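Spelled out from the first residue to the last, the chains are:
Number of protein chains: 2
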Amino acid sequence: MTDVTLLEGLETTRSIRRYVLEPLPEADLNRIVFAATRAPSGTNRQPFRFISLSHEGKGAEARKLLGEAFRSSWAQKCRDEGWEISLDERADSRRGRMLQAMEQYVTNFERTPAILLACFKRYRPLNHAEGASIFPACQNVLLAARALGYGGCFSGWHFQVEDELRELLGIPEDVELSLTITLGRPQGSHGPVRRRPLAELVYEDAWESSPSWAVDPPGTRFTRGGPPEKQA
Amino acid sequence: MTDVTLLEGLETTRSIRRYVLEPLPEADLNRIVFAATRAPSGTNRQPFRFISLSHEGKGAEARKLLGEAFRSSWAQKCRDEGWEISLDERADSRRGRMLQAMEQYVTNFERTPAILLACFKRYRPLNHAEGASIFPACQNVLLAARALGYGGCFSGWHFQVEDELRELLGIPEDVELSLTITLGRPQGSHGPVRRRPLAELVYEDAWESSPSWAVDPPGTRFTRGGPPEKQA
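Residue numbers (the numbering used here), protein chains in the order written: chain S, 283 to 514; chain D, 283 to 514.
It is worth saying that the hints were derived from the structure and are not from the lab. For clarity, every value in this text was computed on a predicted model and none was experimentally measured. The reader is advised that the hints may include incorrect statements.
Pairs count within a copy or across copies, as identical chains cannot be separated in the list.
Below, simulated SDA-like cross-link-like pairs (lysine to any residue); rule was C-alpha separation at most 25 Å, straight line [what the hints assert, rightly or not]: (1) K403 to W495; (2) K340 to E446; (3) K403 to F441; (4) K359 to R404.
Go ahead and model the full structure; you've got the sequences and the hints to work with.
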């Protein structure tokens, strides 16, 4: 376990997709899901459920379904965005490193150290605010992983094989498959957290009116985020 | 700032509704929203926006709208659930203390030290997974507050005055008002985090199949959660 403080952990946790391909001990998984389930939910209903996918039996079958879905989703995204990668670019640019990390992520998907399917047990019709009872718990997964020396990321690429996963794992119809969360010990170095300037994200008393105190600390790195520009 | 570790912070942060009624310094609000906006979002789009409500001008007007909505929502909930409270119960039972804390929360609502409206800038039609791009940031608000010695909680009771808030604060139609987050220095003592047993929330390789490692650490406190039973 690291002794990173709460505030530093919040400020520096970023999505990690390159993992050392070794199993994640059950004792650590236990601490991660325990921390996750301490997150709040409406009226403390706790509609969140986490399905861990082992490396054997149905877990291995689910990993294979997901691996195929992730590889085809990534290939489709590259086609949609017109992305091609040159060898030079791999080493030299942020985009090249991002593409390389994604290729490694989907290629090794089945061997991801730990995979959690975050599920939401529905108790009322779809509403834009319902995620307040599942995604705080998912964020706690990423943060607890960080506290234990791991890293992880969220993905929605299971949607393509949702029906197959439901059948394989016996997930009822009134349960949403909210996120796939992958976890493992980070491999290599990772860049800083990059966001828009705080003044674009924080307002006071009126939409798009930034207060004087919405300033980034020195050394903050920025990005507009969103899907990269298409190539001409 | 406290030196609580990341893991301990995740395990012990709970909803706080009783605040010392003193202003929350802007420097602390800045650190809280900075930490919030480090949370992940799909393709790093950062569709989250936080509107801080000051104690003056339109901020005070918004607080008044919310205070009325919170008081009437609480009164309605008490009627719906058939809750009445005896003086004895106030001191002696968990339910009594919960009812008392809620009464204090809504009575003092306008004087809440800090209030953030968490907003989601829509970029595609409503989908059950979209909250993955706003509620992790909201969870970071609660956790960062805890790191700085504050506490907070989530509520959806702004829904009742959403139209009035939109008009007052100039919030566009394509933006969802996801959560009201209240923050302040905790007043008095607060109980432990209570959840269902871990084995009810965590499965392996199949729905409702709990792995041997899904065990709660010693001393864990439990509750089924959900709306309390109605009185006969």
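Here is what the structure says about each hint:
Within a single copy, K403 and W495 get their C-alpha atoms only as close as 40 Å, which misses the 25 Å cut-off; across copies the closest is 22 Å, which meets it. In this assembly of identical chains, the alpha carbons of K340 and E446 lie at most 25 Å apart only when taken from the same copy (12 Å versus 51 Å across copies). Proximity of K403 and F441 under a CA criterion of 25 Å is satisfied in both settings, with 17 Å inside one chain copy and 23 Å between copies. Taking the closest pair of Cα atoms, K359 and R404 come within 25 Å of each other only across two copies (21 Å); inside a single copy the shortest separation is 30 Å, beyond that limit.
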